[in-house]
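J.: Work out the full structure, taking the sequences as your base and the hints as a guide.
Top to bottom, those sequences are chains P and Z.
Going by my numbering, the first residue of the first sequence is number 1, and it counts up by one from there.
Going by my numbering, the first residue of the second sequence is number 1, and it counts up by one from there.
It is worth saying that the hints were derived from the structure and are not from the lab.
C-beta: ideal position from N, C-alpha, C; glycine also.
Keep in mind that the hints are not guaranteed to be accurate.
[To be verified] With a cut-off of at most 20 Å between alpha-carbon atoms, the simulated EDC-like pairs for lysine to aspartate or glutamate come out as follows:
no. : chain 1 : residue 1 : chain 2 : residue 2
1   : P       : K145      : P       : E19
2   : P       : K75       : P       : E37
3   : P       : K75       : P       : E112
4   : Z       : K370      : Z       : E86
5   : P       : K67       : P       : D107
6   : P       : K111      : P       : E151
7   : Z       : K102      : Z       : D299
8   : Z       : K64       : P       : D20
9   : Z       : K64       : P       : E151
10  : Z       : K102      : Z       : E134
11  : Z       : K64       : P       : D131
12  : P       : K111      : P       : D79
13  : P       : K67       : P       : E15
14  : Z       : K64       : P       : E112
15  : Z       : K64       : P       : E15
[What the hints assert, rightly or not] If we take Cβ atoms under 10 Å as the criterion, some of the chain P residues that face chain Z in the derived model are:
no. : residue
16  : T11
17  : Y95
18  : S127
19  : G128
20  : S133
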Amino acid sequence: MEALFLVVTMTGTSEMIAEDIVDAHGAGHEFTLRLAEHAQPSILAQTRQLLVISSTYGTGEVPTPGKAFFDALSKSPMDLSHLRYGVIALGDTIYGDTFANGGRQWDTLLKECGAQRLAEPLLLDASGQDDMSGLAVEWAERWLKLALQAEGAEENASSPSKV
Amino acid sequence: MAIAIVGSGPAGFYTADLLSRSLPREPIHLFERAALPYGLVRYGVAPDHSGTKAVARLFERVMKRANMSFLGNVEVGRDICIDSLEEAYDLVVVASGAGVGKQYECPGIDQAPSITGLELSVWFNGGPLPGTRELPARLDSICIIGNGNVALDAARLLAKPASALLAAGVPESVINWREELGLEEIHICGRGSAAQTRFSVIELEELDELPRFCPVVDASDVEGATGHNTEALHVLQRYSRQAADSRAAIRFHFEQEIQRYQSGELQSMQQGRRRTIPARLIVHAIGQRAAPIHGLPFDHDKGCIPNQSGLVEGRARTYVVGWAAQPGGGQIALSRSRAQSLAPRLLEEFERTAGRGPRRDPERLLASLKRDVVSWQDVLQADPWHIR
Numbered sequence: 001m002e003a004l005f006l007v008v009t010m011t012g013t014s015e016m017i018a019e020d021i022v023d024a025h026g027a028g029h030e031f032t033l034r035l036a037e038h039a040q041p042s043i044l045a046q047t048r049q050l051l052v053i054s055s056t057y058g059t060g061e062v063p064t065p066g067k068a069f070f071d072a073l074s075k076s077p078m079d080l081s082h083l084r085y086g087v088i089a090l091g092d093t094i095y096g097d098t099f100a101n102g103g104r105q106w107d108t109l110l111k112e113c114g115a116q117r118l119a120e121p122l123l124l125d126a127s128g129q130d131d132m133s134g135l136a137v138e139w140a141e142r143w144l145k146l147a148l149q150a151e152g153a154e155e156n157a158s159s160p161s162k163v
Numbered sequence: 001m002a003i004a005i006v007g008s009g010p011a012g013f014y015t016a017d018l019l020s021r022s023l024p025r026e027p028i029h030l031f032e033r034a035a036l037p038y039g040l041v042r043y044g045v046a047p048d049h050s051g052t053k054a055v056a057r058l059f060e061r062v063m064k065r066a067n068m069s070f071l072g073n074v075e076v077g078r079d080i081c082i083d084s085l086e087e088a089y090d091l092v093v094v095a096s097g098a099g100v101g102k103q104y105e106c107p108g109i110d111q112a113p114s115i116t117g118l119e120l121s122v123w124f125n126g127g128p129l130p131g132t133r134e135l136p137a138r139l140d141s142i143c144i145i146g147n148g149n150v151a152l153d154a155a156r157l158l159a160k161p162a163s164a165l166l167a168a169g170v171p172e173s174v175i176n177w178r179e180e181l182g183l184e185e186i187h188i189c190g191r192g193s194a195a196q197t198r199f200s201v202i203e204l205e206e207l208d209e210l211p212r213f214c215p216v217v218d219a220s221d222v223e224g225a226t227g228h229n230t231e232a233l234h235v236l237q238r239y240s241r242q243a244a245d246s247r248a249a250i251r252f253h254f255e256q257e258i259q260r261y262q263s264g265e266l267q268s269m270q271q272g273r274r275r276t277i278p279a280r281l282i283v284h285a286i287g288q289r290a291a292p293i294h295g296l297p298f299d300h301d302k303g304c305i306p307n308q309s310g311l312v313e314g315r316a317r318t319y320v321v322g323w324a325a326q327p328g329g330g331q332i333a334l335s336r337s338r339a340q341s342l343a344p345r346l347l348e349e350f351e352r353t354a355g356r357g358p359r360r361d362p363e364r365l366l367a368s369l370k371r372d373v374v375s376w377q378d379v380l381q382a383d384p385w386h387i388r
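T.: Encoded structure:
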């Protein structure tokens with residue numbers, strides 16, 4: 001399966017987590033990892049499976065390196081009904097209500113563009129004792145299964161004559 | 001062919017990350033003055049902000065790459081000179097940070113018991129207290145000079161319950177010192193208005209969650225205050241409306257021009273009026289600068305190592321990155337973006353000069369070092385951050 005991993009990071013932790021997912025589940029798939037600062041919304045036109053891994057900046061904002069991408073898509077929303085996505089949202093519970101809001105903003109925006117969410121976003125707390133990478137790899141296994149199921153269903157629907 | 005990086009804080013590790021990805025076969029030696037890695041992340045970030053410290057896991061990952069080596073407890077400029085590094089390495093990158101707290105200067109202040117906010121943070125994070133600092137065993141008031149997050153971190157660490165500090169890993173000896181003080185008030189004193197601070201909302205709001213202390217702001221200080229930091233001003237305005245309770249005060253003082261220190265008090269002027277602020281201990285939290293490295297030029301005014309787009313002035317193959325190149329900014333993420341900006345130039349330079357001319361074998365240089373160098377293996381076995 002082809003999937004785009006859109007990494008939105010301030011300190012590199014989201015990138016590390018994305019790489020861990022590629023290491024754990026990448027065999028046999030084509031996962032392309034892109035930093036948001038090096039990408040533009042047009043990339044989503046050709047993307048069918050998207051995984052956003054985003055941290056949070058300040059009090060609930062999208063990290064600065066991903067701001068241009070995010071704002072461009074908000075200002076000129078694309079029709080993303082062809083796209084299925086998942087979100088891993090990193091944050092710090094010390095920030096209370098705005099915890100992991102960066103990733104949650106991506107979730108809302110993608111939904112508004114008509115993209116289809118495959119699973120509830122995974123919220124990761126940097127202040128917690130949990131192994132964030134471990135949780136992300138575990139969650140991504142479920143996300144991958146759902147994505148493959150969805151692709152399979154689509155293929156069956158588009159080629160009904162196939163036995 | 002090999003690369004030396006001096007300093008294992010964010011700037012050093014982000015640079016190591018980028019270089020070790022692009023040059024997976026070239027040895028990269030990471031020198032660190034302290035015995036343990038991570039610099040600012042370990043010692044500058046407050047111990048109770050564990051989420052900010054979580055980036056250390058990324059750095060730990062970088063050290064797993066085959067071409068990375070760690071050499072702790074080695075101070076470049078003292079244990080090993082810059083010239084020797086340049087002889088043995090194709091590229092030297094200084095990422096020594098801004099590890100020196102600036103001290104406020106006014107008549108009499110050298111008579112005051114004092115500590116920098118950075119030193120306080122290092123100490124609460126389990127690092128050493130400089131031998132030159134003698135802290136009082138008992139005092140009723142502390143005055144923190146500075147209006148940034150280092151000042152707020154200091155106030156919070158001085159005010160937070162012992163149990164919370166213990167949970168955050170603050171050494172028991174430090175907690176005991178704090179508990180025995182008999183501290184009744186904490187003052188935070190700055191030159192600018194209540195709207196000109198560098199406070200973050202989150203750090204400011206943490207001061208309102210303390211069981212034994214509460215933030216106190218004068219209404220006259222926040223009314224009509226103008227400046228860029230309106231978010232922090234709104235929090236301060238809220239504090240000014242809160243009724244005093246039985247908790248001890250963390251009292252804010254704005255627009256203070258401190259004139260002198262005399263017998264446990266700071267004398268200052270606020271818009272032409274005399275003010276006296278109790279200060280049995282002064283915490284300097286007015287910024288940081290780099291520490292000079294013997295053998296490299298130093299700009300004392302700017303507090304950094306002078307450089308042209310990263311290349312250290314007067315040097316052929318020594319670069320500087322992060323706070324040592326340009327102090328301030330105060331964010332770990334900024335070190336990452338600065339390392340990203342410099343990396344292409346470093347790679348270009350490495351391609352250009354690698355293997356040219358007679359070079360001393362780095363291994364022979366390292367063999368000539370003192371014996372108590374801390375290896376990564378040692379770190380993994382001894383560092384509480386890695387024993388999980």
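J.: When you check the alpha-carbon spacing of P:K111 and P:D79, does it fall within 20 Å?
T.: holds (10 Å)
J.: Do the alpha carbons of P:K75 and P:E37 lie within 20 Å of each other, as the hint requires?
T.: With Cα atoms ~17 Å apart, P:K75 and P:E37 stay inside 20 Å; holds.
J.: Given the hinted pair Z:K64 and P:D131, is their Cα-Cα distance within 20 Å?
T.: Given that 20 Å is the threshold and the Cα spacing comes to 17 Å, the pair holds.
J.: Under the criterion that the straight-line Cα-Cα distance not exceed 20 Å, is the pair P:K111, P:E151 satisfied?
T.: holds (19 Å)
J.: Is it true that the CA of Z:K370 sits at most 20 Å from the CA of Z:E86?
T.: With a Cα-Cα distance of about 19 Å, the restraint between Z:K370 and Z:E86 holds, given a limit of 20 Å.
J.: Verify the proposed pairing of Z:K64 with P:D20, using a straight-line Cα cut of 20 Å.
T.: holds (14 Å)
J.: Close enough to count: is the Cβ of P:Y95 nearer than 10 Å to one in chain Z?
T.: holds (6 Å)
J.: Less than 10 Å between beta-carbons is the criterion; does P:S133 satisfy it with respect to chain Z?
T.: For P:S133, the interface hint holds, since the closest Cβ of chain Z sits about 8 Å away, which is under 10 Å.
J.: Check the hint pairing P:K67 with P:D107 against an upper bound of 20 Å on the C-alpha distance.
T.: Holds, at roughly 15 Å.
J.: Should the hint that P:G128 touches chain Z count as held when the rule is a Cβ pair under 10 Å?
T.: Since the shortest Cβ distance to chain Z is 8 Å, the answer is holds.
J.: Given the hinted pair P:K67 and P:E15, is their alpha-carbon gap at most 20 Å?
T.: It holds: about 16 Å lies between the C-alpha atoms, which stays within 20 Å.
J.: For a C-alpha distance cap of 20 Å, please report whether Z:K64 and P:E15 respect it.
T.: Holds, at roughly 16 Å.
This entry does not satisfy hints 9, 14, going by the numbered hints stated previously.
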